[in-house]
Amino acid sequence: MGPGTRQRDPVGGGSVRPRRQWPLLLVSALVLGGVVAALLGPDTWRAGCLVVGGALVLGALLRLVLSTRRAGLLRVRSKAFDVGVMLLAGGAILVLSVVVPAGR
1 MGPGTRQRDP
11 VGGGSVRPRR
21 QWPLLLVSAL
31 VLGGVVAALL
41 GPDTWRAGCL
51 VVGGALVLGA
61 LLRLVLSTRR
71 AGLLRVRSKA
81 FDVGVMLLAG
91 GAILVLSVVV
101 PAGR
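Residues in the sequence shown are numbered consecutively from 1, following UniProt numbering.
Treat the hints with care, since some could be wrong.
[What the hints assert, rightly or not] Listed next, the in silico SDA-like pairs over lysine to any residue satisfying Cα-Cα at most 25 Å (straight line):
1. LYS79 to LEU58
2. LYS79 to PRO42
3. LYS79 to LEU25
4. LYS79 to GLY54
5. LYS79 to ILE93
6. LYS79 to ASP43
7. LYS79 to GLY91
8. LYS79 to ARG19
9. LYS79 to LEU61
10. LYS79 to THR68
11. LYS79 to LEU26
12. LYS79 to LEU40
13. LYS79 to ALA89
14. LYS79 to LEU30
15. LYS79 to VAL100
16. LYS79 to VAL98
17. LYS79 to VAL36
18. LYS79 to ARG69
19. LYS79 to LEU66
20. LYS79 to SER28
21. LYS79 to ALA92
22. LYS79 to LEU94
23. LYS79 to TRP22
24. LYS79 to LEU64
25. LYS79 to PRO23
26. LYS79 to ARG20
27. LYS79 to LEU24
28. LYS79 to ALA102
29. LYS79 to VAL57
[Said to hold, decoys possible] Beta-carbon label-pair distances, calculated as ranges:
30. ARG19 to GLY41: 33 to 39 Å
31. THR68 to PRO101: 20 to 26 Å
32. ARG69 to PRO42: 42 to 48 Å
33. LYS79 to ASP43: 18 to 24 Å
34. SER78 to VAL98: 26 to 32 Å
35. PRO101 to VAL76: 18 to 24 Å
36. VAL98 to SER67: 29 to 35 Å
37. GLN21 to ALA47: 24 to 30 Å
38. ALA89 to GLY41: 32 to 38 Å
39. ALA89 to LEU25: 17 to 23 Å
Just so you know, these hints were derived from the structure itself, not from any lab. Since the model is a prediction, treat every value here as computed from it, not as a measurement. C-beta atoms are modelled at their ideal positions from N, C-alpha and C, and glycine is treated no differently.
Working from the sequences, and respecting the hints, build out all of it.
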């Protein structure tokens, strides 16, 4: 694509604009914040993992309630697939972050 051309939105027919991508930006920012918190040290890994898992569950809920056009780049496959994968991953991270015993 050359300068001045816009990428077309395959579902909505309009152009893909960053402000329409707020669901993905929100989920990505929370995941990044959780990863940073988890990497800060042995005392913060659990809180970081809880943030990452919560962000993925939030992404699943956003994908579920938002229209296909408003979901933006959270839309990868069908709605059921997207919600299922994010719920499974987020739920697994949440459960593991709670179940894993603290280091000594």
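Hint check:
no.: 1; hint: LYS79 to LEU58; in the structure: holds, 14 Å
no.: 2; hint: LYS79 to PRO42; in the structure: violated, 37 Å
no.: 3; hint: LYS79 to LEU25; in the structure: holds, 19 Å
no.: 4; hint: LYS79 to GLY54; in the structure: holds, 19 Å
no.: 5; hint: LYS79 to ILE93; in the structure: holds, 21 Å
no.: 6; hint: LYS79 to ASP43; in the structure: violated, 37 Å
no.: 7; hint: LYS79 to GLY91; in the structure: holds, 18 Å
no.: 8; hint: LYS79 to ARG19; in the structure: holds, 21 Å
no.: 9; hint: LYS79 to LEU61; in the structure: holds, 11 Å
no.: 10; hint: LYS79 to THR68; in the structure: holds, 8 Å
no.: 11; hint: LYS79 to LEU26; in the structure: holds, 19 Å
no.: 12; hint: LYS79 to LEU40; in the structure: violated, 35 Å
no.: 13; hint: LYS79 to ALA89; in the structure: holds, 16 Å
no.: 14; hint: LYS79 to LEU30; in the structure: holds, 21 Å
no.: 15; hint: LYS79 to VAL100; in the structure: violated, 31 Å
no.: 16; hint: LYS79 to VAL98; in the structure: violated, 28 Å
no.: 17; hint: LYS79 to VAL36; in the structure: violated, 29 Å
no.: 18; hint: LYS79 to ARG69; in the structure: holds, 12 Å
no.: 19; hint: LYS79 to LEU66; in the structure: holds, 10 Å
no.: 20; hint: LYS79 to SER28; in the structure: holds, 19 Å
no.: 21; hint: LYS79 to ALA92; in the structure: holds, 20 Å
no.: 22; hint: LYS79 to LEU94; in the structure: holds, 22 Å
no.: 23; hint: LYS79 to TRP22; in the structure: holds, 18 Å
no.: 24; hint: LYS79 to LEU64; in the structure: holds, 7 Å
no.: 25; hint: LYS79 to PRO23; in the structure: holds, 14 Å
no.: 26; hint: LYS79 to ARG20; in the structure: holds, 18 Å
no.: 27; hint: LYS79 to LEU24; in the structure: holds, 15 Å
no.: 28; hint: LYS79 to ALA102; in the structure: violated, 36 Å
no.: 29; hint: LYS79 to VAL57; in the structure: holds, 14 Å
no.: 30; hint: ARG19 to GLY41: 33 to 39 Å; in the structure: holds, 36 Å
no.: 31; hint: THR68 to PRO101: 20 to 26 Å; in the structure: violated, 42 Å
no.: 32; hint: ARG69 to PRO42: 42 to 48 Å; in the structure: holds, 44 Å
no.: 33; hint: LYS79 to ASP43: 18 to 24 Å; in the structure: violated, 39 Å
no.: 34; hint: SER78 to VAL98: 26 to 32 Å; in the structure: holds, 30 Å
no.: 35; hint: PRO101 to VAL76: 18 to 24 Å; in the structure: violated, 35 Å
no.: 36; hint: VAL98 to SER67: 29 to 35 Å; in the structure: holds, 33 Å
no.: 37; hint: GLN21 to ALA47: 24 to 30 Å; in the structure: holds, 27 Å
no.: 38; hint: ALA89 to GLY41: 32 to 38 Å; in the structure: violated, 24 Å
no.: 39; hint: ALA89 to LEU25: 17 to 23 Å; in the structure: holds, 19 Å
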